[in-house]
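Asker: Taken in sequence, the protein lines are chains A and B.
Per the numbering used here, numbering through the first sequence is continuous, rising by one, with the last residue being 112.
Per the numbering used here, numbering through the second sequence is continuous, rising by one, with the last residue being 111.
It should be emphasised that the hints constitute simulated quantities derived from the structure, not laboratory data.
In this text, all values refer to a predicted model and were calculated from it rather than measured experimentally.
Here a beta-carbon is modelled for each residue, glycine too, at the ideal position from N, C-alpha and C.
Mixed in with the good hints there might be a few duds.
As the list claims (entries may be wrong) - Among chain B residues calculated to face chain A with C-beta under 7 Å, some are: (1) 3; (2) 31; (3) 41; (4) 42; (5) 43; (6) 48; (7) 88; (8) 95; (9) 98; (10) 102; (11) 103; (12) 104.
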Amino acid sequence: DAGVTQSPTHLIKTRGQQVTLRCSPISGHKSVSWYQQVLGQGPQFIFQYYEKEERGRGNFPDRFSARQFPNYSSELNVNALLLGDSALYLCASSVVGESEAFFGQGTRLTVV
Amino acid sequence: GQQLNQSPQSMFIQEGEDVSMNCTSSSIFNTWLWYKQDPGEGPVLLIALYKAGELTSNGRLTAQFGITRKDSFLNISASIPSDVGIYFCAGRSSGNTPLVFGKGTRLSVIA
Numbered sequence: 001d002a003g004v005t006q007s008p009t010h011l012i013k014t015r016g017q018q019v020t021l022r023c024s025p026i027s028g029h030k031s032v033s034w035y036q037q038v039l040g041q042g043p044q045f046i047f048q049y050y051e052k053e054e055r056g057r058g059n060f061p062d063r064f065s066a067r068q069f070p071n072y073s074s075e076l077n078v079n080a081l082l083l084g085d086s087a088l089y090l091c092a093s094s095v096v097g098e099s100e101a102f103f104g105q106g107t108r109l110t111v112v
Numbered sequence: 001g002q003q004l005n006q007s008p009q010s011m012f013i014q015e016g017e018d019v020s021m022n023c024t025s026s027s028i029f030n031t032w033l034w035y036k037q038d039p040g041e042g043p044v045l046l047i048a049l050y051k052a053g054e055l056t057s058n059g060r061l062t063a064q065f066g067i068t069r070k071d072s073f074l075n076i077s078a079s080i081p082s083d084v085g086i087y088f089c090a091g092r093s094s095g096n097t098p099l100v101f102g103k104g105t106r107l108s109v110i111a
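Just chain A, same shape as in the assembly (with noise of 0.2 Å):
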């Protein structure tokens, strides 16, 4: 069985650019968190979104947005790029109500 998949695996952008990230999680699964991951720290979350609304949102900025689609799947937004969005940016998933979750091998975002 598959498991999370985030695309791309690297990214490279220039301040006051916009990206998008995306995460297909493990079939079965329809929660899906985003985490970002800066260097030296542990995960930081971003948002969680089951049966396609926002079910949670970390103290991020509003230039971070993400939705969930029908299949499940899920894209992270990111307006206005800083220098300080860089970082490794996760997808996890589980089943809704389940405590276990599972992360994909995450985006290197690099602003410069």
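Based on these hints, arrange chain B on the given structure of chain A.
Answerer: This is chain B only, laid out in the frame that chain A set:
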């Protein structure tokens, strides 16, 4: 954002030694999860704990859910070179709430 207190930050051990790391929180959690992350990869789930006092093993790994529900411990016995990586604890207050992570313990194993 909130992060759990995880210690030690890093450790260097000889191959074959046992390792112990822990995680504490000011909040009560209903679930504790332990992950391992290799460079350039996403975290991989090692052990999940669901009940205060629970002790769970996965091969050479053993983790415990503290009875106060505010802490957890991970032990690795007889370490081997492939144990190298960063270990993260994560807590969740209920099934659908976000995971809160520690800052990680970087483990280096000297052959």
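Asker: It remains to establish, for every hint, whether it holds in the given structure.
Answerer: We went through each hint and held it up to the structure:
no. : hint : in the structure
1   : 3    : 6 Å, holds
2   : 31   : 4 Å, holds
3   : 41   : 6 Å, holds
4   : 42   : 4 Å, holds
5   : 43   : 5 Å, holds
6   : 48   : 5 Å, holds
7   : 88   : 5 Å, holds
8   : 95   : 4 Å, holds
9   : 98   : 4 Å, holds
10  : 102  : 5 Å, holds
11  : 103  : 5 Å, holds
12  : 104  : 6 Å, holds
Of the numbered hints listed earlier, not one is contradicted by the structure.
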